[in-house]
Each structure stands twice: as structure tokens, then as C-alpha cells.
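Novice: Starting from two chains that each stand alone, build the complex the way the hints lay out.
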Amino acid sequence: MNRCLLPVLALALAVRAAPVERTLKASLALAGANAPELRTALAGLTTEHRPAAEFLIRNMPEFDLAQISGAQLIENVELAYRTRDLFPWNRQIPDDVFLHYVLPYRVTQEPVSDWRRMFFDSLYPRVKSCTSMTHLALEVNKWCGERVKYKPNAPRDQGPLQTLKSGWGRCEEMVIVHICACRAMGLPAREAYTPYWSTGESNHAWSEAWIDGIWNYMGAAEPAPLLNNAWFDKSVQRAALVMNVSFGVPAREPNVYRKGPGYAVINNTSGYTRTGIVSVEVNNSGKPLSGVPVVFSVFNSGALRQIARLTTDKTGCVSLPMGEGDYVVSAGTPSAHSERVVTCTADAVTRVQLDLSRPDRIPSNLWLWYKPLE
Amino acid sequence: MMLRISLPVLLPLALLAQGFENASDTSALALAPDSLRREFRDALVDAGTNWHELADAVKRTEATQRGEAIWMMAQMPHLDRLEMTAAILLEHIAYAHRAETAFRYPIPESLFRDYILTYRIADEPVTAWRRLLFDRFAPLTANAATPEQAARIINQWLNRNIRTSERGFFGPMKSPELTLSSRIGTVEEVAVLATAILKVLGIPSRRVKVPWLGEQDGDASWVEVFSQGRWLPMYPLDARAFGNTARFERKHPHNVTIAVATSAFEQELVTERYTAHGRVMVHLTAAGIPLAGFENFSFNTFNFGAWRPLDELNTVTDSLGNYACVLGDGDYLFTAGMRDPKGNPWIVNQTLRVNPGDALSLELDLTPPMTSQPHPLFDDPLLQHDFPSLTGGVSSPSGLKGKVGLVLFFSPDDSVAARVALFADSLYREFKDKGFAVLGVGIGDADSVRAFRDANRLSFDLAFARDPDLNPQPRSITALLGLPYVTAMPVLKLVGKDGIVVATECEPNRPRLAALASQIAGLLK
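As given, the protein sequences belong to chains D and G, one line each in that order.
For what it's worth, the working numbering labels the leading residue of the first sequence as 20, then goes sequentially.
For what it's worth, the working numbering labels the leading residue of the second sequence as 10, then goes sequentially.
There could be a bad hint or two in this list.
Taking lysine-lysine and the DSS-like style, the derived pairs with C-alpha atoms no more than 30 Å apart in a straight line are [claimed, not checked]:
{"hint": "1", "chain 1": "D", "residue 1": "Lys306", "chain 2": "G", "residue 2": "Lys351"}
{"hint": "2", "chain 1": "G", "residue 1": "Lys410", "chain 2": "G", "residue 2": "Lys260"}
{"hint": "3", "chain 1": "G", "residue 1": "Lys441", "chain 2": "G", "residue 2": "Lys412"}
{"hint": "4", "chain 1": "G", "residue 1": "Lys410", "chain 2": "D", "residue 2": "Lys168"}
{"hint": "5", "chain 1": "G", "residue 1": "Lys441", "chain 2": "D", "residue 2": "Lys390"}
{"hint": "6", "chain 1": "G", "residue 1": "Lys351", "chain 2": "D", "residue 2": "Lys170"}
{"hint": "7", "chain 1": "D", "residue 1": "Lys147", "chain 2": "D", "residue 2": "Lys168"}
{"hint": "8", "chain 1": "D", "residue 1": "Lys168", "chain 2": "D", "residue 2": "Lys184"}
{"hint": "9", "chain 1": "D", "residue 1": "Lys184", "chain 2": "G", "residue 2": "Lys68"}
Over the 12 Å line for every Cβ pair with chain G, so calculated as not near, a few chain D residues [as the list claims (entries may be wrong)]:
{"hint": "10", "residue": "Pro55"}
{"hint": "11", "residue": "Ala62"}
{"hint": "12", "residue": "Val116"}
{"hint": "13", "residue": "Thr127"}
{"hint": "14", "residue": "Pro174"}
{"hint": "15", "residue": "Glu220"}
{"hint": "16", "residue": "Pro269"}
{"hint": "17", "residue": "Gly279"}
{"hint": "18", "residue": "Thr292"}
{"hint": "19", "residue": "Lys306"}
{"hint": "20", "residue": "His356"}
{"hint": "21", "residue": "Val360"}
{"hint": "22", "residue": "Ala367"}
{"hint": "23", "residue": "Pro382"}
{"hint": "24", "residue": "Ser383"}
{"hint": "25", "residue": "Trp386"}
Don't read these hints as lab results, they were simulated from the structure.
Note that the structure is a prediction, hence the values are computed from the model and not measured.
Here a beta-carbon is modelled for each residue, glycine too, at the ideal position from N, C-alpha and C.
Chain G on its own, in the form it takes in the complex (with noise of 0.2 Å):
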């Protein structure tokens, strides 16, 4: 082997720098506003060795416009920490406030931070669009009145200079400044380059989507601007249609589905003003007990030759399994679903028509059926091992039979694991002299057993065992649970008499131990 290259073989500077925590000059801190300091601390320790940017911005930033840049900082998503610079945030600060002193629109106050400060949009790269924007285009509205006749202007402009492009595969979503030099983007980065515009035109402008329209391929994309107290629609390539709420209804009747409005940070469902809807709950239930904090389900409409989920409703149930949303008038799949400890979904469907004015009532019990016929005891490897008992000895599964057993596998670091251990506990001391055994097997060694047992005050036999790696390895616990990792634990296997696994249970949720319960007091009879 022979080596041609002599490059200096020292890390580049910026790897060596310090982060927030171990800086020596902390003064930035003392300039944030109390209410803010807290914030503002935790945004420069999670810029890594970028914080000093940020601290800079502050200490350079008008002392009326702080809480500003730290407000920005404190939203900030961690990546645009490590990528902003004080140069590019201070641009974005000035150039807002002059804006504000240039046009003197009546903006409501509230409107100010959320639509006009923030130097995001969407995902495009952080980049100092401002000084460049505003150069070019504060000369074509200099004679609007009102916001309204300034975005006509900046439509009319947009619709005869910038073409759409469909996206590339490489490569990140193009900043404002590049979709104006190219004159080409895709629609999103058009309404990027629009929004950016009015912005630095002191104009409150936020991007606005149907996600999966109709028969396009794809979403919608537009943009609102806030004049004379109220958002009004602006579709950068289709100036005519200005302020007219319905022109995708008219394309796409019973298709427009949801309408989402995004800032830098926030997301407002709109779907009232752009299309004819209804309302729509929903009580998820599993074995008849509500299913609380349930995730797994989603509103669908079909889309370009599939049921798409409308993850903007951002869909998950209250205490009491409920979940209600508003919906464009037209046709809906309901879709929700569970796992068995395989991984196998078991998945409700049901599907619906919205009308307009509608309020719509949906309960569905998704409980599955039983996935398999039941496992022999002794044909389950893991039931016939040997663990180490805590109490010195061995426990086995195979023990338990003649008894109703519960067979807990879990790993003593999982949260999830003392809720489990809990409820198994106490149905011991409930039923332990009717014939009922737990037996806990903690994947881990006896020490970490041993604290999980001392901390969660359990009674029951507990026993211990190593699982290589803490992955799947052939014939680890983890591999014959099926697990794709230890962290899918906890997992319950209940035993009849017979030897017989009558169910089993992967991470179970609090309704699904409830049906346990009761499916345990059924075998004790």
C-alpha cells in the first residue's frame, strides 16, 4: 500500500471548539430577559460549538429587539442552531422591523413574530434572504395602500417570472434567494419565495396545504396573506384567483380534505374557509375499556391510486378515547390498528361520507381476535428454560403448570416495565391463594434484577437472565419473543392450567391489561 497523500492530519478547528457548558464567557446570558433566560440557556447548549453565534446575535441585536432574537432561538429547531450564524439572524430582525418603519401597515401585534420575524418557512436551508428581497421588490409595491394591493402586485409578478419544476431526488428544498435567481421551483418552493416576499414587505404571510388533492399527484400549496383583518388566499402562479377561497373546491369537489396553515413553529388547521365540511369523533375502545393517549389511527382519503392518512390532523385520543376533527365534505377511510407480539397488524377499517354540516359519530372496539391457535407450553423454548432465581436456584415456567401463571419478560431500564411489574404484582396478592403465580423474568443481571424488584416493592418470584448484546442474537430471549429489540419489552405470556399459552402480550397498554385482568379471573373460576 502505498500512501500519495500529505494532508494535514489534524481535526479542523471548529471539531475542537467548546460547547455552551464549558464556555468561560457567559455574558450573553445576562442580556436575555428573566422570563427568557432559562430558554435562551438551553438553546446555546444545544448549539454545540455554534452557541457563540447566537450568543453574538444577542449581544449585537438592539436591546428593544432581544427578546425577539432569543424568542427565535428558543423555538428554533436544534439543526438550525448548529447552522445559524449572528450575520443571518440579525438580518432577519432588522430587515422585519424595517419593513414594519417602510410600510407602515396596520399589523395586528400578535401577527408580528409568527409572520413576519421568523427567518423559516418551510425546510429550506437557513439562509439571509431578507437584505436581497427587499431590495428587489419594496420598489414595485412602494404605492400599495393596503397589504392586499401589495401581495396582488408581488401575484402578478410571481405568475409571469417564476415556472414550477417537479422535484429533484438529491439534494435539499431550495432556499427563496436561489428559487428567484433559478426563476424555477417546485410548488412549495414557490410558495417559499412568495411568503419570504411578503414578509420582508411587512406583510403577516403564511404557506397554506391540502395535503394529497384530489386526482394531482400530490398536495396543493398556496399561500395566505393577512390584510384589513382577515387572511385572504394568494396561488403565486395564478394571480386571478386572489383572495378566492374556493378555487380548489371548484377543481376538486369533495376533495379537498384538510386545509393546513404553517408559520416557522406552528400549524393551524384552516379547512373551514376552503371547503364545504363536517365534524367528525371518534371513541376507540379495546375490550370495552377506552383506548387513552391511542396513536394508531388515521383519516384517509385516495389519492393517486391509494388511501392516503392525513398525518396533519396529527391524530390521538384523549383520556377518554376520543378524538374529533372537522373535515372537507367528500369520502374518508377510517383506518386503526394494533399489533400482536409478531408484529402482525390487526386493522379497522370503516369507511365514510362526510356531508357538509355533518357530525359524524364513529365507536369502534379494536380488539383483535385471538392471532394463532394457542402454543403448547412445552413446545415454547422459552417456556421450558431455566432462569436463575433471584432467591438462589432456578425458575422455570414449566413450574407453574397445574397453576394460572403469568410469565413477565422485561428489562429492568425500561419505563415501561414497573407499570407492568405493578400490575402483575398486585394481581398476585389478589389471587396468589386461588391458584395464581407470576413469575418475572428480568433480561439484565441479578444486581439490576434484584434493584428493580427492592424499588418496585414486588412480591412475586423473580429470575434473571442475559441477553447478548441486548439484541436479537440467535436464540437470545429477545430472538424466541420474537422482538425485533430488547426495548420492545415488556412482554406477558398467560398460562392455563392445562400449560397452555392462552395469551400474549407486547407492550401493553393500560386497557389491554385491563382485559387481562379479566381474562385471568375467567381462568381462576
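Chain D with its partners taken away, still in its complex shape (with noise of 0.2 Å):
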């Protein structure tokens, strides 16, 4: 059967936790033969732009650190500098946000390309008479629209400059144009997406955009007359989880889920709709087992596909906050695992133990059940 789901969703869940903070030094180490490449763009930077330079460096990814250019580098710092001063509200956005949601010259899985010159020269003069960020950002969309549809394609991303010139691109294709078309202009701009829904196929990615200190989201080159509008509006509001994908890892972000080098995953679920808590605890005869992986699912493409992988801590225990609604979580090994179905609940804990002595197993029949629309 033909399942066109997001490649970077999958990886997303695949990719296991790992120690997060890189040194400036294990990073060039890591560039191989491109070290000196980068040291030498380090050196050519002004004081005020090579921390930013090396906040980049200290959180790429190797397959960056081997083949970006010190041209690359450099230009993308410069050119995202210069937008502090493009619109009077950008010298308000807080040093962290601007590094975390502004600097970065990659989105996800794309190819590192040369985006903010051309996104600058084409974007800016549509939009320099734009009287606030929401304005902004929903003048940036439309031009984004304008130049970009959904169709579906390969599994690997294309480059922000690659699905222009096509004129079009999966949706998480589009929206690594909106975020660079966003970033271009010196508007913080992230990546969201719900791993799998549970009321319906596939999945889907869209874009959020930080506006006078809050995320808005949109759907990504499919503009709308406001903020917070987009065509699964409804959809979102019935989501198991709603993830937002960061450049590094913030310092002042409460709700990651998941974090390794040089990027975190953020649990924004509840910025959506109204959460629970699921916790599991898993154990064996009543011996809490640390460090077995649980999972989350739901029904999706005819599967129980994975949402989420968290791991016991040492009392055996795992939480995620959650939207309302029925979901499969489960744990072990082929020889020994137990799963059992879970109600979320908003605004309460539900706990329930995956004992691996006495599997549970999933009944052969069952309903899932999810917060019908309003």
C-alpha cells in the first residue's frame, strides 16, 4: 500500500537520545578535512558574529560539518544579522530566540543550500511596508503560496530553492520554504508536525511562527486571513501529539521530549488542545525495570504506528502529556512484552503498569476512541 508519510517524522522517532552539548573543539573535530574551513571562517567574523557562528558549528549535524563552506557560514550568519535592523519589532526578539529560530540554515533533512540572499532580494520588497509581525507573517505565507502547492514526492527533502523552483513539494517541503522564507526576513519560524493523527491517515507538518513572544502556527505556503487558520484546524484539535522541531537545544524550554546533538524535539501538544498525562510504569512482578523503552501508538495506514518512544527512568516509569483520547502503549522485547490500551483524559493523570510477567495483550477487536469535533 502506498504510504506517504513524512521521512523526517519517521527518522524523527527513530533517532535515539543521545548526550546533547558539543564543544567548539569536538565539533571541528567531527568537520574532518573541513575543519580548516571553518576555523578560517571563524577567524574572518566580527566579535558580534562569530558567537553565532560557532553556535552553529557547535550544533550541526557531521554530515554540515563536512560539507559546509566557510563562504556558507559566513554568509548565512551576516545575512541573518542584518535583519535585526529590517523591521523595527526584530531588535525585540530575544538573543535566544533569534538563535534557536532565526540563525539556523537548515530546517530538517534538506540539502544545506544558499537560501537568504535570494529569499531576501525576492521576498523583501512585497513585504517591507508590512506595519507588524502578524502582518509579517501573513504576508510572507501568501507569498509562499503564491509560488508553492502541495504535491507528493521522494522521500528525501528537497532544498527551500529546489521546491521554488519546481513551484511545488510534499508539505514538510513547504514548509522549509515558509520557515526560510521567514527566517529571511528575520521572523522566528519553526517546524511543527503531528507524528501520525489518530483520526485519520498519514500525517502532516506545518509551520509556527513567534510573534510578540507566542507561537502561531500556519499551515506552511497555504495562507490564511489570520494566524492559528488552517485547513486541520479541527484535525490538530483531535491530535495525540503536536511536536515542534529546534535548532539546538533551548535552555529555557520546559517541554522537550526529546533531545540529542544539536537539536530538540518540543511536546507543544497542549498548545493545540487540551491535554492529559499518560504514565507508565513497567515492572516485573511488581519489580520496577528501568531503562526498557515504552511506546505510544495509534492507528494510522492500517498499523499501529509509533508516536512516541520514551525510556523507564529508574523507578520503571515513563510520562507524556497527551491529547484526549484512546491510544496503545506498549513494551518488552519479542520474547517478553506486554501492551495494553489507554484512555488520556484532559487535565488528569492516567497510570497504568505493563507488568511483563503477566502480559497484557491488545484486544482482537476494540474501538479507539477520540474527542468528537465541536
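Specialist: Here's what the structure looks like:
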């Protein structure tokens, strides 16, 4: 069957937790033969711009460390900093928001490209008279919507310039274009996605823009007259999870679901719908089991599909804020596993135990229920 | 606001360039063999402004190899057509033939295109890696007498020189030359490098994987090489296991589910070669009627905390509702499901154990039970609504009271709508004299609904309604039906004589429509 799902989401689910902070020295060591290029670039930057470039290098994936050119790095930093003076509100953007959501040169799995100058040249004349961040955000999305339409594409992500050139892309490729367009104007932007819909097939990704201190969502390259207004308004209220992606790990972010070298995935479900907490304890005849993967799944495209995976702590527990509804939770190995259906209720903690010595099995026939649309 | 940037406000020239549809120079088309000209033209159109790179490649390819270049263009994913350059493609073709003449391994002609010529191995970026890899590895295998000997030498080299890493969160997959230069890659990236090296040495090769292997986190990935008439497994980082098809079965008994071999554009299930196995056939029905062309089911294996679907089986039933596959011995969960109109899934599960040589048969009926208590007609805001009728005046579902009524909400632009409307019309013609009525509500303007009626020669009453922006705005028809968007229609509501909604069907397939017809006949008795 055709399961046209977003590859990045599968990756986001598959990537293991790993140490988060990498030093500049460690990053340059990973750059291998490209390290001199990066060192030269750092030496050529001003004292204002150098820390930003170091931030990027410390958080760069290995792929980029080995390939990005000094010129690309310098251009990205310099053009990102020039946006600080582009609109009166850009100076009000806190430094950490700027670093994580304006400065980064990449959104997800797309190849590195020099998109900032082209986006600026094409887009700025159109938006220069915008009178507020909201006005700017809506106009930028309109500009994207005029150039990019949805159409399924190959599993690997095309870069933003390529998507503009072809005029279409998957939802995630539309997100890449939209976020690059926002960042080119100095508007903080990040990806949001639901790993799999609970009440429909496949999944979806969209964008969020930081406006006067609040993140607002938009259908990427799907312009609407208002912020927080898209075709999935209702669907997302029934979503199991909504995640955001950050380049680097924001220090003040309380809802980090997963983090690793250079990235954080933020559980922002409560930003979209009422949530409860599902707490799962895994034990063996009552003895808590630590370090055990616990998986939360929904039914989607003919199968139970993982929407989150957490590892039990020393008390054998994991907890996950989720949208209201029924989910399958499971843990264990092929030879000893247990799974149950759990109902997550808004504003409540639902506790469930999985005893691997007395395994539960999901019923042979069952409904999974989700809050009806109002 | 102060603008301090003085950058040119011009679109890059590339964005202004024209696609092949508007090109004045179409001379490359004439170079294509007749049998491939149409596909070549389609590829050029699909390549957007990059068409000239593809055309240039064809013009510059030796005449005897043009067919190969065009064959690859015809197979290419869209994104590759945008990114491919003439230089990259020409290098791939030239070095594929160079390997053929340099090593002269006896390779069946049929394997050359899929397993040596193709520039793509997995989801890596499009790059020119042949020359680099040829120069680096051809000397190493110069004295190998067979593809197997050469592959073993490469296997040893990889084993000694390449390490594996976890996949990072950001960024694409590494190209073979980047994995080589960094000497580190994910298991899949190393398999891609190994496959690329074998290709430049003129040895047919392809990636193989077992999805969700045993207790390890995720897939296992390796390479197959074709030597002396058979495919042999090569594990890039375990040279001692070369040729051993039982390697994973031994490490993960009863957990090698399926083995999937992939070339650039094809996939082949090769499970039988890697594990003891059995055959499973499923027959799926709903309301006793075979589910033809049904996709929403899966075979799952337990891996790393959860049941994981074996999506590579590409499950879809045939016209009789049957599907068959080969599975490695072990335990599985068969899962299938349907959704109610609100999106809630009804799931049917069955565990099964596959033993070597088994021929198992599953027969499952997926009919959901009643999704909820019936909704009183007059509590349903949609059914209270008055809709402008095509014949003038208004029509209201509440007017159906006292009859068995079928209310059809549809989008005139939706291809499924005609099939469902014709079904409703046939029932209407059959049962209208027995107290059965149909009201169709088209979401659109009067003209589009009228055109739909005329095109399908519908005889039942039709009304129309606007749905603002075709989106679920508050109180729009779509939202009231609980649908994410208008194309999730058609929706059918079957209303009993007492005004109670007794069934709701969303995008019903043929078996569901047949079941609904039986239900209507029952209500009319």
C-alpha cells in the first residue's frame, strides 16, 4: 500500500537520545578535512557574529560539518544579523529565540543551500511595508503560497530553492520554504508536526512563527487571512501529539520531549488541544524495570504506528502529555512484551502498569475513541 | 524601520528560465529511440528548468548508450530530475561501461541496467561518485578472478576502514564519497558505499534489509553481490560472514521477518533466501462481501517496545479480497481497520505463529459494530437544515420523516461522488414506490450541482449548499459532518421512518454500499 508519510517524522521517532552538548573543539574534530575551512571562517567574522557562527558549528549535524563551506557559513550569519535592522520589532526578539529560530541555515533533512540572499531579494520588496509581525507573517505565507503548491514527492527532502523552482513539494518541503522565508525576514519560525493523525491517515507538518512572544501556527505556504487558521484546525484539536523542532536545545524550554546533538523535539500538544498525562510503569512481577523502551501508538494507515517512544527511569516509569483519546502503550522484547489500551483524559494523569511477567494483550477487536469535534 | 541591505532585487536567472513545454530547442527528442520518446518527453517536462541538463546528457552520450540514459531519466524520481546534471549522468554511464570492459566479469545482460548502471542506491543525494571510487578501488581488485573474489577484497577493506555511527537528526543521508572520506556512516550509508564500490567494479549489487530485526533498534541492512549465477550476501562490516545467508537467523532466531532487496527503482522480496519461512493468505470481507483493493491492514513484528508494521509488503487485497505473502518463521500480529465517519478506528487484530513450511489462511470480517447510539434526527443540526433545491424552493432532510430516507452529502468535484450517487439513484428507482426517498446535497453552487445531476442522470431530489472556502469553518457542512475537509465526502446518512439516523457512511467502498443496500431493504420490509 502507498504510505506517503513524512520521512523526517520517521527519523524523529527513530533517532536515539544521545549526549546533547558538543563543544566547538569536538565539532571541529568531527568536521575532519573541512575543519580548516570552518576555522578560517570563524577567524574572519566580527566579534558580534563569531559567537553565532560557533553556536551553529556546535550544533551542526556531522553531515554539515564535513561539507559546509566557510563562505556559506559567513553569508548565513551575516545575512541573519542584517535582519535585526530590517523591521522595528526585530530588535525586540530575544537572543535565544534569534539563535534557535532565525539564525539556523537548515530546517530539517534538506541539503544545505544558500537560500537567504535569494529569499531576501525576492521577498523583501513585497513585505517591506508590513506594519506588524502579524502582518509580516501573513504576507510571507501568502508569498509562499503563490509559489508553492502541495504535491507528493520523493522521500528525501528537496531544498527550499529547488521547491521554489519546481513550484511544489510535500508538506514538509512547503514548511522548509516557509520557514526559510520567515527567517530571511528575521521572523523566528519553526516546524510543527503531528507524527501520525489519530483520526485520519498519514501525518502532517506545518509552521509556527514567533510573534510578540507567542508561537502562532500557519499552514505552510497555505495562506489564510488570520494566524492560527488552517485546514487542519479541527483535526489538530484531536491530535495525539504535536511536536516542534529546534536547532540546538533551547535552555528555557520546559517541554523537551527528546534532545540530542544539535536538536530538540518539543512536545507542544497543549498549545493546540486539551491534554492529559499518560504515565506508564513497567515492571517484572512488581519490580520496576529501568531503561526499558515504552512506545505510544495510534492506528494509522492499517497499523499501530509509534507516535512516541520514551525510556523508563529508575522507578520504571515514563510520562507523556498527550491529547485526549485512546492509545496503545507497549513495552518489552519479542519474547516478553505487554501492551494495553489507555484512555488519556484532559487535565488528569492516567496511570497504567505493564507487568512483563504477566503480559497484557490488546483485544482482538476494539474501537479507539477520540473527542468529537465541537 | 531602516533598510540597510542593498542587495539586488532581482530573481535569479534560474527562476526565470523556461520549462521544456516552452522550449524552442527540442532537438534532443529526435535522438530518443521511438519506444522511449514519449517517456523522455515526459521526463523533460517534469524536470522543469533543469530539462536542458537532461537533454544535454542525451546529446552528449554515445549513440549506443543513449537508450540507457533515457531509460534512467524515465525512471528517475522527480527530485532527481531537478538535480541531475549532464556531467553527473555522463560519468555514471561512462564508468559503468568502463567497469564492464575493465573487469570483463560474465554478467547477464539483464542485470546491467538495474544493478550496475543506475546512479541511485537508496535516498542519498545525486552525486558523481564513479570516477573517485573507480580510481580508489579498481587497483585493489585488479587480480580478482570472479566478482565474489573482488567483493571479498572490498568487504575486507570496508571492515578495516569504515566505522558505523547513529543517524543524526538533521541533514540528508550521506553520499558514498562523503561516507568514504569521513570513514564513518550509518549502517545504511555504509551499505550504500559498499554497493557503489561494487558497481564501479562491474559487479551487480544491491542493498538488502530486514525491517525491525529482533531485539535490535530498527532495521538490519547489508549488500548482495551477483557472482557466478547467484546473489551472495556481503555484510560490509563483518567480512567473515560473506556468503552466509543464515547470519541474522542465527543471531535473531524466529525474528527474520522479511528480507527486501532494493535496486535504484525496484524492490524484490527475497525472504526465502534468509530464513525458514511459511506462507500466509488472508481473505478480508466486510458484511460478508470481499474487500477488494483494500489497503488498511498490516503484518507486524514486535521490535523495540512495540508492534511494527512490515510496510515493505505493500499490502493490498486483490479483486477477491485476498492477499498472500511469505513471512519468516516467528510470531506476528495481523492488524486491519476501518474508521467511522468521525475518524475513530475500528481495529481487528489476530496473532499468528508462522512455522517453517506453514501455509496459513486467515479469514476476517472487518464489519464494525454500531459506532454509537443512534442520533435522533432532530438533534442533528445538519438534518434540520433547509437547503435550496435545484427545482426551486427548499429541501430538508426532516421532510423525509415517515419514509426510509437516504441523505447524500457530496462534493460535485469529487470522483467518488458519482459512484455513490449512481448507487443511491439505483436504489431510489428500485424502492421509491415502497416508501424510500433520497435527498442529495451537493456542496457547491447550483450550476455545479446541476451539471453533476445531468452528467449522472440522477432522478432523486437534489439541493445545494455553500461550504465557505471548502474548509471546516465553524458550522460549515463539512465541520458539522465531522470531516477534516470537503474531499472527505461523500457521506451518506440513512434515516429510518421514525426519523432516527440508523447508519452513517463516509467515503463508502463497494462492500459498504452493498451492506447499506441490504439495510435499506430490511427497513422497508
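Novice: Each of the hints needs a verdict: does it hold here or not?
Specialist: Status of each hint after checking the structure:
1. D/Lys306 <-> G/Lys351: Violated. D/Lys306 to G/Lys351 sits at ~41 Å, over the 30 Å cutoff.
2. G/Lys410 <-> G/Lys260: 67 Å, violated
3. G/Lys441 <-> G/Lys412: 10 Å, holds
4. G/Lys410 <-> D/Lys168: Status violated; Cα separation ~45 Å.
5. G/Lys441 <-> D/Lys390: 38 Å, violated
6. G/Lys351 <-> D/Lys170: 26 Å, holds
7. D/Lys147 <-> D/Lys168: 24 Å, holds
8. D/Lys168 <-> D/Lys184: Measuring from Cα to Cα gives roughly 12 Å; hence the hint holds.
9. D/Lys184 <-> G/Lys68: 24 Å, holds
10. Pro55: Given that every Cβ of chain G is farther than 12 Å from that of D/Pro55, nearest at about 14 Å, it holds.
11. Ala62: The assertion about D/Ala62 holds, with a minimum of 24 Å to chain G.
12. Val116: Holds, because the least Cβ-Cβ distance between D/Val116 and chain G comes to about 19 Å, which exceeds 12 Å.
13. Thr127: At roughly 7 Å from the nearest Cβ of chain G, D/Thr127 sits no farther out than 12 Å, so the non-interface label is violated.
14. Pro174: Contrary to the label, D/Pro174 does not stay out of reach of chain G, its closest Cβ about 5 Å off (not over 12 Å).
15. Glu220: 8 Å, violated
16. Pro269: Nearest chain G Cβ is 15 Å from D/Pro269, so the label holds.
17. Gly279: 6 Å, violated
18. Thr292: 14 Å, holds
19. Lys306: Non-interface label stands for D/Lys306: nearest chain G Cβ at 18 Å, farther than 12 Å.
20. His356: Check fails; 5 Å does not lie beyond 12 Å.
21. Val360: 10 Å, violated
22. Ala367: 21 Å, holds
23. Pro382: The assertion about D/Pro382 is violated, with a minimum of 7 Å to chain G.
24. Ser383: The claim is violated: D/Ser383 sits with its nearest Cβ about 5 Å from chain G, within 12 Å.
25. Trp386: Its Cβ does come within 12 Å of chain G, the nearest being 6 Å, so this is violated.
The structure fails to meet hints 1, 2, 4, 5, 13, 14, 15, 17, 20, 21, 23, 24 and 25 from the earlier list, while all remaining hints are met.
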